Structures are given as C-alpha cells and as structure tokens.
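The primary structure of each chain is shown beneath.
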Amino acid sequence: MAISDDVLVIGGGIAGATAALAAAEEGADVRLVTHKQSTLRNASGLIDVLGYTHEGEGPIVDPFDRLEELPESHPYRRVGTEAVREALSFFDEVAGDAYAGDHTDANALVPTHGGTVKPTARYPVSTAAGLASDPRDTLLVGFETLTDFDAPLAASHLEAAGAPFAARGVTLRFPGIVRDDAKLTRYAHLLDREEPVETAAGERSAREALAATVKPHLEGESRVGFPALLGDEFADEVRAELADRLGADVFEVPMGPPSLPGMRLEDLLYEALEDAGVRVVSGVPVVGYETDDDGTIDHVLVDRHGQEIPHEAGQYVLATGGLVGKGVRSERDRAFEPIFDCHVPHADDRYDWFVDDVFGEQPYARFGVVPDRELRPLDADEEPEFSNLRAAGAVLGGYDYAAEKSGAGVSLATGYVAGGRAGAEASR
Amino acid sequence: MSDAERPMDDHVPGEEEGFEPIEVFPEAEEMDLRPGADNCYKCSTCDTNCPVAEVDDEFPGPKFQGPEQWRLKRQSDHDIDDSVMKCSNCMRCDSACPSEVPLSQMHNTARAEYVEENMSKLSREYWRNRMLSNYRKLAPIAATFPRTANFVMGLSVTQWMGEKVMGITGEREFPEFATQTFRGWWAERGGNDTSRERARAARAERGEDVENPRKRIAYFHGCYSNYNTPEVAKALVRVYEHLGYEVMVPEQACSGTPMFANGMLEDARLAAETNVRELADAIENGADIVASCSSCSMSIRQEYPELFDFEGTEDVAANTWDAVEYLRVHEDLKGELEGTAVDGEFAYHAPCHARNQGLDGQTVEVLSAIDGIDVEDVGDSCSGISGTYGWKEENYETSMKIGEEMFEHMEDAEATTGLTECPTCSMQMGHGTGYEITHTLEVLEAALVGAER
Amino acid sequence: MAHDTEVLVLGGGSTGCGIARDLAMRGVEVTLVERGNLTDGTTGRMHGLLHSGGRYAVSDQASAVECIEENEILREIAGHCVETTGGLFVQRPEDPDDYFREKLEGCRDCDIPARVLSGREAREVEPYLAEDVKRAIQVPDGAVDPFRLCVANAVDAENYGARIETHAEVIDLLREGDDIYGVEVRHESGPGKRTHGTPGTTEEITAEYVVNATGAWAGQIGAMADLDVEVRPSKGVMTIMNVRQVDTVINRCRPKGDADIVVPHETTAILGTTDEEVTDPDDYPEEQWEVDMMIDTLSELVPILEEARTIRSFWGVRPLYEPPGRGTTDPTDITRDFFLLDHEERDGVSGMSSIVGGKFTTYRAMAEEISNHVCEQLGVRASCATAEEALPGSENLAVLEEGMDDFGLRSPIARRSKQRLGSRSQEVLETDEPNPVVCQCEGVTRAEVQDAIDQSGSDLNAVRIRTRASMGNCQGGFCCQNMANELHPEYDEATTREALDELFQERWKGERHALWGEQLSQAMLNYALHATTMNRDNDPASHTEAVDYGAFDSGDSSVRPSSRRRSGGD
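Protein sequence lines correspond, in order, to chains A, B and C. Each residue of the first sequence is one higher than the one before, starting from 318 at the first, in the working numbering. Each residue of the second sequence is one higher than the one before, starting from 907 at the first, in the working numbering. Each residue of the third sequence is one higher than the one before, starting from 8 at the first, in the working numbering.
Just so you know, these hints were derived from the structure itself, not from any lab. Treat each hint with caution, since some may be false.
Label pairs and their in silico Cβ distance ranges [stated by the list, open to error]: (1) C:10 x B:1023: 53 to 61 Å; (2) A:386 x C:176: 41 to 49 Å; (3) A:518 x C:439: 48 to 56 Å; (4) A:406 x B:1251: 31 to 39 Å; (5) C:100 x B:1024: 37 to 45 Å; (6) C:558 x A:745: 42 to 50 Å; (7) A:373 x C:185: 53 to 61 Å.
Predicted, not measured: the structure shown is a model, and the values here were computed from it. Beta carbons are placed, not taken as given, at the ideal position from N, Cα and C, and that holds for glycine.
One chain only, chain A, in its complex shape (with noise of 0.2 Å):
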C-alpha cells in the first residue's frame, strides 16, 4: 500500500502529539493525521495534572499524592502514577526552557483572567512571574478594548481570593491599535515585530510605546500582568523588553479562546513532531476503517475532498478529543465516537446527561471511551474494541477535567503511553 507506516495517529492535540511523539522515540515510523485544528488553541497553555479530587476537595498541594484516590475508572488509575510522573518529565524534556514547575511536585496557582486563581503543575514562562503563592505586589494591565479581560476587576477578584499580596488595576489604550475588533494575533504580532506606532512623543516601536504607556501607572509593584498577548514567535524578548523598560517582572495571564500560549505550545509540539521525523497531515478526516479477518484495523480511509486514501500502519492512536474537539460525538438519541464507533458509555435518555447546577456533577463532562490498563477502548461487553487500537486524551470518558483541571495531565499521560506501548509494539 502506498501509504503505509508503523503507528498512525488520529488527532493533533497534546495527547496525539505526545503519543506520536512517545512512539516516534520507541523507533517507529510515525504518521500524525489531524482533520482541523486541535482546541489547545482554546486551552489556556497550562499543563494542570490535578487540582481537585472527583470530589470536588482542592485546591490540592501534590497531584502526584492525590491520584491513588480517584476511581478506579479514571485515565490516571489506568495507567498509574509512575507513567504520569515519566509522562510529565517527557514533556519537561520536550518543553524545555518554555515551561516551568518541575522544580517541585507542587501545584502552582496562576492568577486568571476571571481573577480568580487556578491550580496547574506545569505553567508557561511566560506567567511564572505571576504566581499568587508569589508575595510580590502587582499591577494588573488591561486594555480598553479586550472586554473579557477587566484589570482593575481581576486585582479587587484576587484579593477576595485572599491572595497573599496587593493587587491593583488599570485600564489602558494600546498603543497601535486603530480598531476595536483588532483580533489577539494582530496585539501580538505588532509586539513581535517591533512595529512603528504613533504616540504623543513621537513614532516609538510597539514594545517600547506600550512600556511608556504602562510605566507612569506603575506605583512601586514589583510585577506587571498582562493579559496573554506578549508576542508569539517572540514571546520571551517581548516580555523581556518590556520588563527592562519597566524595570519590572512581566507576566502573562492565561486567557482564551483563542489562547496565545495555546499556540506557542502547540507550535512547541509540532516543532518537536518535526523533529522526532514524525510524517504530519492535517486538514483531512479519517472516515472509516477497514479490518484484517482476525477484527484488527488494517488500514484507515483519510478523505481528501471526495476520495478516501487508504492509511495503512500495524498500531493505531485514537486521541481525537472528546465533545469539543469532535472526537465524540452525540445526537438527540446517543453519544458516540464518530470514526471506529468504539462504546461510549451513556444514559439512554438525554435529560440524564445534565444536572441543573451548571457547575454540577455533570454526566456529559464525562463520555468518552473507556480504555483497558493497555488504553484499548472497550466495547460494550468489556473487551478490546480492536486489539491495536489505543485512545488517549478527551476521547477517554470516565474523568472530568474541567472540574479536576486535569485536561492537560491526562493527555499526556494517555498520550504518552498509548503512544509508547503502540510503538514499542509496532516496530518489534
């Protein structure tokens, strides 16, 4: 067959990057497949493991502590707390000097965008500045035209969060920006570029204009935040500049959708996908599958426009994501995973999918396939849908990482040892 590798993977997220990336080392010849964009660019770039227990007790100190409690079910549970531990140290590896927080195996608290303060393991440099457990006093940049992120409000939201230093506001005009729907790429880009912008004094760079334009606000905080916008490409030199020319610490605060250090993570994948001689195509769907006789998946159709291209490989990752990325799919009737159309479990009738408290214990956070302790969704009956075929990710049900803040840790624990088990198997 003309396409033809040892492990393909179905989706472009952290999990399926992750396991393209743990097969890939495990010496397999690795295809990446992604339809459409993955939703990091909606997540806020931080790599949360846990932050709640299923029960809702949290903030917690040490994820690592606190995963033997969650049920047996959970992603976590199935593949176990050392593979968690070995998939964030792979990330480390792959991250670099982007990320910060392997110095301790406690959690980090980032201020949000809402003011409030969320608990992750893993955090971008870009906010490290900005942790709340940090006591240094901070001003809070927002801009007149960002409405979703409202500085002074988020500085009085922090101390009734009881953050443990003084937190302040201010609402500025951005210098450069001539409409108000300006999108958040158009902030960053005239960052990164250095563009020339008019102000009073003068036409001044970007980065130097919107120092001189937060400086005289500055009232002796040692710390500015600004909401996630610093740059892409060339985020650390942004912030850097600025922060010499406000001979103050910079950080960012998480926003999103869309989500500035989403991007930059996803670019640092896909970079490390690109080195690791992973073979990446996106834009295109699988649709379909066919079988060898014994029920194992011999290739996948991948439709471009109309025709569907057979993609062969000897293991398979499933790591499409759950209800927002579309790797699950649901109809009035039924919730289901659109391309194998592996079980995801369900209640028959759809107004068991909820609960009327909208921040409730809700059923529908939690479909998704659910997976042996090799990652192998299970069918109905509780055997292997496919015996080479893992999930890893969103498309996992059972866990629910909005309320655990456990999006970014399951992927790539999922992702980390779907894809190393697939390629450790593929190129024996």
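Assemble the complex: chain A is given as a structure, and chains B and C must be docked to it using the hints.
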C-alpha cells in the same frame, strides 16, 4: 382580481413539477448560508489562523466575516461589510475550524454579494479586480507577443500607469510570458497521440502491460503554467509518461480562484461551467484529473461543489487530484525515487491551498526519498500574496508584512533555491528573497527522468 | 387617607407595563411592582409572534379582528420592536382542504389581507419549506421582540412620571374590610434598581386603586385577599433555533394542534408550541417529549430543522381564564380572549380589578380598556393616546432608515444595533471612547450594554433582555464574563461576581434542553472555559475555606531572574 378572490376550490395555483430547491438560487449571491453558522461554537481558532487579521486590524477576521455576519443577516439584508474585500482567500480558516464551519464558502458568497450590491461597477477598484481576476483573458494576447509584452510590462511607465490608473502595485514585477505556451508545445509535440505512444513505451520498459486504460490522466494545467511557466507543465507530462501514464490535455478555462477572491462569481461561474463539462468528459473517457497548481486543484475540489451545481460538479471534484498526491497514492512513489539523486538544497513553502488539502507535509516527505537532496520546510506561515491580493496597491504592504515570516525563514534556511507548488506564492518568494523558485514536479522530473528529456 | 400613589399596577409584563404607560400618559400617578425582571412571567416566554389574526380566523373571529387592528397599530408605534416578516399558513398534502378554505374565508371575513400561493411560490418565499408543500395563505403576520416592547412601555411610563419597581415581590395585599388599599412588597435589594448582594427591605405601598395584571399568577395574588381568580395556567414549550431557517412566520394550516408554528425572531427562529394545563405557574415539568415534538413535527414543514442546531428551549404559561361554569377540559379550547374582573362588582371588594386571559399582540388594547375602567373609578377624564404616540425608540424611524452613520461599527453590527435601538441609536452609540463588541453572537457593543446597565442596575438578566447580549449561539459562554466586566467599577467585585453567576446559571437553564450535537459541544466548551481556564467553579473568592497560598509553588527562585533576562527568542 386579487388572489384572495380566486374561486376557492382545491386548485393548487402554479405548477409543482420538477421544482428543486436549488433552483431558487440561480445566483450564488442569493445562497442562504446562515445554517452554516450552526457549526460555530465561537472558539476563534479561525481568527488565530488568519494571516491578514494578524497584520491589519482593519480586518475583523474570518469568524466575523463568516458565521457571525451570516447569522446576523435577514433575507433582505444586503449590507455586507466592506472589510470582506480585505480577505485574501487563503482559506486557512477552513482547515483551522475544528467544527466544520464552511468559512471560505461564506466569505466567497459574501464577497460576491458585496461586489454585486455595494461596489460601484464604474469604480477603478471594480475594473482593476475584474482585470486581475481575468488574467486568463489577457494572457493569450501577451503570450502571442511575449517579448513585446514582457518588454512593455517591464517599462517603468507601465508600472507607474498600473499603480496610478489601475491600483496595481508598482512594487512587483509582472511575471514574464514564455516564448512558447505549454499548449503550443503540447500541440507541436503531437498532443495526446504522442503521449499515448510514450506511455506505452514506458510501460513496456517498466515491464507492465502495454495496454492499461487505467493509467490515463487529464491534466488541468491552469493559466500560469501554460503562459508563464510551461517548464512545470512539461515536467508533469514527462514524469507521468515516465511512470507509464497517458496524458490528455482537455480544453479548459481559468479555475476561478482569482475570480472567487475578487467576488467575481459570475465570471467564475462561466469558467467553471466550461471546466466541469470538459473534465467530466475526460472522466467519462477513463481519465482522472490532475493539477499542478495547488490553487487550481483546491478550486475544483472544494469551491466548485460549494458554489456551483452544474451536472457532474461533484464527480469532477471527487476525481481531481494534486499531481504529486495522485502518484503518491497510485504508485509506489517512494520506491520509484529510491536510488535517484538530485543535488540541491531547497527552502520549501507549503502554499495555503495545499495546506487546505492536507498536502502541506507531502513535498518534504516525498522528496526525502531522493539521495543528495535537502528540503527544508520554512514553516507554516502564509506567503502573503494570495493570488491577486498582493498585486493590489492597497494590499501590497499587508501582503509583504504577512510574507515577512516566510522570507525570514527562507533566509535562515541553508538553501538558496525556493520550492513550492503555487505560482503566486512562487512570485512572492522570489520577490521577497531574490531566490530562484522551482516546482516540486520539476524536482521529480530531475530525479525520475533526468537527462532523458 | 393619603395614598402613596393613585394606581398600583401589579406585574411587569406586557399588560402591566402597557397599563402603566397608558395611565401615566393620562396624567395618573402610577406605581408598578414586579416580582423579578420586567417580562419575567409570560411576556418573556412567548414565541414573539405578532398575530395578523390568521391563527384565530376560523376558531375565534372576534380575537382575529382585534389582532389585525392591533397588529397595524404596533407597526406604527413600536416599529423598532416589530419586524414585518409576513406569515404563511402552509398546507401539506395530508392537511385537509376544507380547513384551508375555511381559513381563507375566515381571513377575508376579518379583513385580514390574505393571498393564496402555490407550493412553488411558497418555496420561493421560503426556500427551506418542504418540497411537497401543497399551497399556502400569505398573511401579514409579524415578529415582535416582547422584551424590547415591554421595556419600552416601562421606560415611557417612567418618562411620564411612573415609578417602576422590579425585584419587588408582592407578599401581601392590604385589605381593610371590603377595600383593598395597597400591597406589601419585599424588595430584593431596596427600592430602585436592583443591586446584587444588597439585602432587601419590605415596603407598604398604598394606592387608590390596584390593578392585578399578574396574568398566570393572578390567582395567587387574589388569594392574598381571599378572592378567587380562576386562572387556568397552561404551559407551552418554545424551542429556539440557532439561526433563522425562515424569514417569514410559518404556520401549519390545519386544525388546532401542537407544534405548528415557526417564528423568525431576531437572529433565531422559535418553534412552538404545546398547550397543557398546569397547577402552579412556577413549578411544572419541562419535558423532553415537548422539545422532540417541536423538532419532529415542524420538520415536516421545514425539513432542515431536523438537523439544525437548537440553542435552548423555554416554557411559558398562558394566563388562560374561563368564566365560571363553562367547564372546558382541553386548554386548547379555552378562549384567548381577556377578561376584566372588577372585584367590587364580582366579589364586593372594592379597590382592585384583575385582568386575565388575553394575548401579547393585543396587550395595548387590553391596557386601554382596563385604563378606561380605572379612570372611570378615579374620575379621570383624559383619554387614551397609546395608539398614536410612538414608544421610545420608535419615534421618527424614517430618519433612521434614510441612513444614519454606522458609528464606526462594522455594518452588520451597526445594522443590528440600530434594529434594536431604533431612534435611540445615536444617543446610545455615539461615543468617543472605544466601543468594542461585548457579545459577538448578537453583535452587542459596550455602549449598548452600558446603556442597559444605566437602566437596570447590576442585574445582567435585565441587561440581557434589553440588548440580547448572551442570547446567541454560545448562550453566554463567551460573553457573560465580558458583560459582568462592564459592571465594574460602578459595582464592586462581589456584586459583579454574583451577577455573573446568576446570568451564567440562567443561560444554562434553557440550554439544558438543547444538549446534543453542536450545542452539547458548545456546552462543554463553555464549561471548559469557565471551569478549566477561569476556575470559576472553585473560585476561592466564593469559598469560605481560605486557600493556603504558602503551600503552593511560589516559583523557582533559581530561575526567577530569567524573566528579566533578555533572551534570544526561540
């Protein structure tokens, strides 16, 4: 007599036969795409992929231009925001959307409606856009007198006139016209008959059945490789013939890409009608369609079925392929390339319209089987020219800003030759770096056919 | 005895606000009290149909005539709340010809302009109609935004000196002997605009005359003074589609039945409805079969509905009333006419009348009639002017149509803003400050949100009904937070947080009924945004247990200076 006073029997006024809903919209600008907004969950992934919104805050991004603007529409509303003309039609938003919103279809339709309802038919902009999008109609004249045309286009006075009178940027050099068009060469070479013989000979040499009706393709060369870069088209013919394929070159009009981008949907419809008819004939004759230009294949595969409903449109779309992709799927291209060698370093840029077809990793993957070659992908940014977009005086700066990232990455790469599959990307790459730019098929030709030509 | 006000109107729905405006325009001193927000009862829970009368042309011609008259008046006085969509009564092949004929005759009898279209012609008007529809009757149905209309009445009443008190629940009727002289209300946060988190007070408001315009709740109010008001609340479901599949009101042309209407409403289409009697207008089951029936049955007329996205469903209770002794069992058969119950005549208790039954389209006529009655009681001689005087936002609409600038907004945003604000557009939208869009689904800008906050205080649901912000396809997932941000700094952080939580929960309430397909994905994305990205579900500010910040990672001190170091990019 008012209708209310009609005798009230069970008579049904009007007639029902043969009434299909699609006929309600004979004009594409009346297409109701509001239901397409159902798929949008507002995540803004499209916006983060828009190369224009990133450099120009006058452009409110694809989410607004697409699902939001459509959802706010009532049937009678026709005031499309003029910012739709700033969309470069790179179609990146299509492959970005995690939720299957038909973004570019919405943009194309809105743009057509804007041009129809809001743009003065007497304006310079309208005529400039019309001229740019109908390059195919002007090119034959230039191609008849290529040397004169190239000379005239190169004159500073022509460039000045272009900018001042037509709003075409004077910063760019007009593409040179070849002294012999591809079709001229093809006819002179003996057309399809010659190709059939060559394919037979190749099959014999390859130890295949000499008669193989399945190894037959119809080549959609598009305008640019006909008038300006016939070496790309010739490379395609030679590569396919080398692998035992009989090549046919059907009659064809412009693929429509520049017309969609300029909201000239009627011009596009005329062109598409010809193409669908001719290509459907070729399919009938047992051929698959291949294109060497990524925008041409994009247009036929995606935009035709989204915007038109000629008989055979779907069939033509489903049987059209990118020329390299076709070989990758139908031949053991990797095996063919093993043992071949090309000495060269290339900085490869994947055109947005190849990306959109899931082909962005293909070139690097395929060419890596050739010995001695080094192909470096210069990243996923947009070149910024987007067909006719970067030719417009008002977009030139934006276009170059978008291209900045690609230029930098090209310069960072070892190579000093560029590689891509899109003619206008190729212009932009050359314009921004001064590099020579080649086409993947030319590299394949060098590897597979070599000095055989 | 000196009274606080001449007339006290109970109920801030269309009838109550209509009465308040009518009386205030006649120079009467009016106070209106409403338990929740304006429109919270039945007014905000209807399908938004501006009846041509066509729906009653066979069964209830008196109502039909009244509808077409009021329909024409509302187009004039409330142009910015009304969309003249036109309507179709569509006959499918299996629907009876007899009824089609009766409908057409009925329309003619009632002077409702009606025209017969062939199936093909109907589909030219509405391309998404089923291919096999047989024919249709075209009538001047319209769509009306009940929120805007009701609020405009209240605002105008205030302009004429009325006092409008929302979030003021009547807890007792003040009755002395056989005279009712006022009410006791419990203010949620004190008189005036509601402020979240502010403790409430109670207040006795006395009046010369009390009008009970609480619709389906009229029985409960009556009971406070031992009066029997036999309302028979009947629930009906309405399912909101994400987009307008139709731009014309589509009625099924067959004898009475459930799920027989699609109303294009603002950016959406509303499917309706069911008709089931309930005992308590505040507590009745909202059931899955009702939603499924809307989609399945109406797909017979508009097949695309089967696959289309619904964003929420809501139920309303009709304030049906039947004079004692009729004994109709099926609520569908209860008349839609309204009744003015003068408790003095009826029960020998003076000082109050109740108004029950009726329908939204004729709210003004009802208000006129009851205002006449009240004026008679008070000896006021001024006559009604509500049929002639335009509501705020609808004065001089011609000027608006002639082209006003777009206030620096993208044209679809400007168009929608002007459609909502009418002649108030300039006053609201003209600003030197940045005016970004706060709600992207509905195209609502900061200036419009601020205008609504000025009107209604910290209550974001009140902002919502005024602006439509958070009523689009993300159901507030992306803009609730942004709307709450607009409350600050006028309102403090705790108030803002409470207002946000209330709006987000309210949005969820209706969205629950649309949880499959795209809307379930949307719900998960909203949940992820609010819980994962913002951690609003475990907000330490809302929890009593303090977080031990010192126990968490405070940063790696060995690399702390790195953020200050000028690095070389990546």
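*Can the suggested window of 37 to 45 Å be confirmed for the beta-carbon pair residue 100 of chain C and residue 1024 of chain B?*
Holds: the Cβ-Cβ distance is about 42 Å, inside 37 to 45 Å.
*Kindly confirm whether 42 to 50 Å is satisfied by the beta carbon distance between residue 558 of chain C and residue 745 of chain A.*
holds, 45 Å
*CB of residue 386 of chain A to CB of residue 176 of chain C, is that within 41 to 49 Å?*
holds, 45 Å
_Satisfaction of the hinted span 53 to 61 Å by the C-beta atoms belonging to residue 373 of chain A and residue 185 of chain C_ = Once the Cβ atoms are compared, 57 Å apart, the range 53 to 61 Å for residue 185 of chain C and residue 373 of chain A holds.
*At the C-beta level, are residue 10 of chain C and residue 1023 of chain B separated by a distance inside 53 to 61 Å?*
For residue 10 of chain C and residue 1023 of chain B the Cβ distance comes to about 59 Å; the hint holds.
*asked:* Just to be sure I understand the hint, the distance between the Cβ atoms of residue 406 of chain A and residue 1251 of chain B should be within 31 to 39 Å; is that true here?
replied: holds, 36 Å
*Should the hint that residue 518 of chain A and residue 439 of chain C are 48 to 56 Å apart at their CB atoms be regarded as holding?*
violated, 22 Å
Consistency note: the structure conflicts with earlier hint 3 alone.
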